[in-house]
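Starting from the given sequences, assemble the full structure and let the hints guide the process.
Just so you know, the sequences run in chain order A and B.
The first sequence maps to residues 3 to 461 in our numbering.
The second sequence maps to residues 3 to 461 in our numbering.
Since the hints were made in silico from the structure, they are not lab data.
Treat the hints with caution; some may be incorrect.
Identical copies carry no separate label here, and so any pair may be met within one copy or between two of them.
Unchecked claim - The calculated lysine-lysine pairs, modelled on DSSO-like cross-linking and capped at a C-alpha distance of 27 Å, are:
1) K34 with K328
2) K328 with K198
3) K61 with K84
4) K328 with K400
5) K26 with K400
6) K400 with K102
7) K95 with K67
8) K328 with K105
9) K240 with K400
10) K67 with K36
Spelled out from the first residue to the last, the chains are:
2 protein chains.
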Amino acid sequence: MYDLIIIGMGPGGYEATLTALRKKLNIAIVEKSKIGGNCLNRACIPTKYYRAGAHQIEKLPLLNKYGINLSSNSIDFLQAKKGKDEAIGFLRKSLSQLLKAKKVPVYKGTGKIVGQNQVQITYEDGKTETIEGKYILVATGSIPVSIGGIVPDGKYVITTEDYLENMEQLPENLLIVGGGVAGCELAYISAQYGSKVTVVEIKDRLLSSDIISPDISRLLQRKFKKLGIEFKLETSVKDYKVSGDKIVVNLSDGSQLKVDKILLSVGRKPNTSDIDNIGIEKDERGFIKTNSYLQTNFENIYACGDVVNSPMLAHVASYEARVALKNMFDEKKIEVDYSLVPWSIFTAYEIAHVGLSEQQAKEKGIEAISGYYPFTYNEKAVDELESDGFVRLVFDKKTKHVIGATIVGIEASELIHVMAYAIRNEMTAEEIHDFIYFHPSLSEIFLYATYDIVIGKLF
Amino acid sequence: MYDLIIIGMGPGGYEATLTALRKKLNIAIVEKSKIGGNCLNRACIPTKYYRAGAHQIEKLPLLNKYGINLSSNSIDFLQAKKGKDEAIGFLRKSLSQLLKAKKVPVYKGTGKIVGQNQVQITYEDGKTETIEGKYILVATGSIPVSIGGIVPDGKYVITTEDYLENMEQLPENLLIVGGGVAGCELAYISAQYGSKVTVVEIKDRLLSSDIISPDISRLLQRKFKKLGIEFKLETSVKDYKVSGDKIVVNLSDGSQLKVDKILLSVGRKPNTSDIDNIGIEKDERGFIKTNSYLQTNFENIYACGDVVNSPMLAHVASYEARVALKNMFDEKKIEVDYSLVPWSIFTAYEIAHVGLSEQQAKEKGIEAISGYYPFTYNEKAVDELESDGFVRLVFDKKTKHVIGATIVGIEASELIHVMAYAIRNEMTAEEIHDFIYFHPSLSEIFLYATYDIVIGKLF
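In structure tokens:
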């Protein structure tokens, strides 16, 4: 009997493995597809690879300011795809080699929990095998949802997974259905790599979300316009029809588009439909019910990642894996705490957030004040020719503790961690202001965003 | 009588101005040259501008991995210099406009303290004027030193300031005397922009310093070799002679070089030789003596930045300016605290450090353990094609508090602030490990650098 069977080798399964191996546990992994899961193979990591390329493409015309004269250049998506496969292949191989070195058995089939300690694996050829574990961790992730009769066929209508794992050629005209995070990320990438992109979004703004304030949506929308990315808000797809090589799409506003592909990007649902036959409790949307220790209704079966009802983010999955492993094998149990989950978006701007927005603070009855500073005058951002964007810090007016931060612009996804640490340690505006930041650094923006509150307004 | 006279408009003077204006003080500025001081006009900011260009030049051959095919490119230093001037011009103009908008008088001459409340300004035409202030802040910075009979002449032998402010054409062959921070930064920039560079350093390694461990010097030296930058350690210049258009240099190792320019980069000294005639106390090296409130021996005269004996860094100057202003005008006085000064170097690698090294911990009688993780497997670094480098965290073995951090590689100069906050807040290895970092981010490296200590070793 294994100490632990991990079903699903995405970010949750990977982190659980790393922790388990360091705890010298005897583990088994069940994974029906590639190790690394969606995140590594067809979501986060390919997105950030292509985004790095897209951002570089956007920057090419500016390089003459550094004395770099490019007499001509061509953009080749297939070549980028090969580079992406190489980067991801390297990361996947590193992971495989670790598993090999540690002699961890990897059962390459679909896992199903058939007893409190039993996982049945069904292989591609239909054969089955059952293994036993003292503990089981369900980390099978999520799958894309479709809406309104738009059915992915892998050719005309594709999912973000099709795009990020396999697509070799960008369509000339691309319709993206859904202007959320993934939709806006792939809109930017596709446009930079040469597609004519239209985004349709049923809500009244791109990146519509409680956490993202409307001014950030407006900023992104202005930038999309500048980059020639079209978007239609409060609009949906009425119907579509393949006609020759093209797809004719009728939109709810009465307009018609002719495109080469439709990219469906309207969300994901937990991959739990056939995960067990022993009665693991799920909610009406298919999320596995867990207590705050991440235990299911079976005390030795835990779940983490997109299968539980927490933010569908890779780093939440890996955090939950660490918590679950601690609760399985350590004496002291800990509860999950989602109060400080940083998130970032990599579209035409990097956008990052942690903690509470002013709106959320208000809803919690906290009187909030905020500090703001643009990257415009940040010397390093100017040197990097990327001085668009700003930071907005939210403070509890009474205690002056920082309780939230939003950053738009250069390196937002890294800078956000400075503020995450500040929030965790209940730092005040004054403590943030009095800190010594390297000059010139982007991080100095925190010093300047606290000036109004700590010293007084300039105007 | 002004509330405050600020002599010197570099990072210290600038920060003092910002703070004073927000405190609604009536101030005057004395600056003999360009506002922004050395940092903005001929040190930090031009260095980072050129470094951004140099780094981009280094990355050009990799861009095909993103499907970006550059059929040909040419590098033009003069054009980069124009871009640099434009960026710095923008920043200087922003500063000027603020001063104008706030109607701050700027006396464009050399300031000398001639009474406890009196500053005499000598203009270029020899005329003088005396103004009075309740408080005086001396922030006149530093000037380059020369050694061993190598005398800057602005043509054959230049200083880093000559290079960064005015140089329009790179020499074909450049000899850099001094392999410290500025020497290594300008060696990288010059080599990327096309010079054949040789560095001579009298010590036995590049970046020789208490804080920089020898393995980092070795890493940089390997990279310099790869980039074709020559360096000669434990070597100095014996003599040199201009012969035609070339300089013939005899080195202490008996070898001879023919170069087009010598860049002198052997350090700086405080610019205090003619700052007063009222007896402000200075030490034997010319640093103004201050107490921990940054007061000189005159209670209303404060000093900050390179004129006081603290780390010669722009951000230390601006920090000291904030402290000095607080001590002049607030009820509660605070003492300067240099225990958490982050620093960064922008050479072929970004190198950043904060807190104690293992060596320094040992000297303080702290038993230290360290956590290490390379960028090799960091997914974002791989996506950015920049996975060279590592983080090393130093912990107090007893308390497990993090007490120091060194980062080499991508965005080290920003990431260091996450650890600076961790040290300030006495976070433990476990707290750093249990934190949620965005995935994929470079900041995740902190989670992985604590695995060995918190959970156990992998091998």
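Status of the hints after comparison with the structure:
Within a single copy, K34 and K328 get their C-alpha atoms as close as 26 Å, which meets the 27 Å cut-off; across copies the closest is 63 Å, which misses it. In this assembly of identical chains, the alpha carbons of K328 and K198 never lie at most 27 Å apart, being 48 Å within a copy and 56 Å across copies at closest. Taking the closest pair of Cα atoms, K61 and K84 come within 27 Å of each other both inside a single copy (22 Å) and across two copies (18 Å). In the homo-oligomer, the alpha carbons of K328 and K400 lie at most 27 Å apart only across protomers (22 Å), although the nearest pairing inside one protomer, at 37 Å, exceeds that limit.
Proximity of K26 to K400 under the C-alpha cut-off of 27 Å is restricted to the inter-copy arrangement: shortest distance 24 Å between copies versus 48 Å within a copy. For the homomeric pair K400 and K102, neither the shortest alpha-carbon distance inside one copy (55 Å) nor that between copies (35 Å) is at most 27 Å. Proximity of K95 and K67 under a CA criterion of 27 Å is satisfied inter-copy only: 19 Å between copies versus 39 Å inside one chain copy. Taking the closest pair of Cα atoms, K328 and K105 come within 27 Å of each other only inside a single copy of the chain (22 Å); across copies the shortest separation is 62 Å, beyond that limit.
Taking CA atoms no more than 27 Å apart as the test, K240 paired with K400 passes in neither setting, with 50 Å inside one copy and 65 Å between copies. Within a single copy, K67 and K36 get their C-alpha atoms only as close as 43 Å, which misses the 27 Å cut-off; across copies the closest is 23 Å, which meets it.
Hint compliance for this structure: hints 2, 6 and 9 are not met, and every other hint is.
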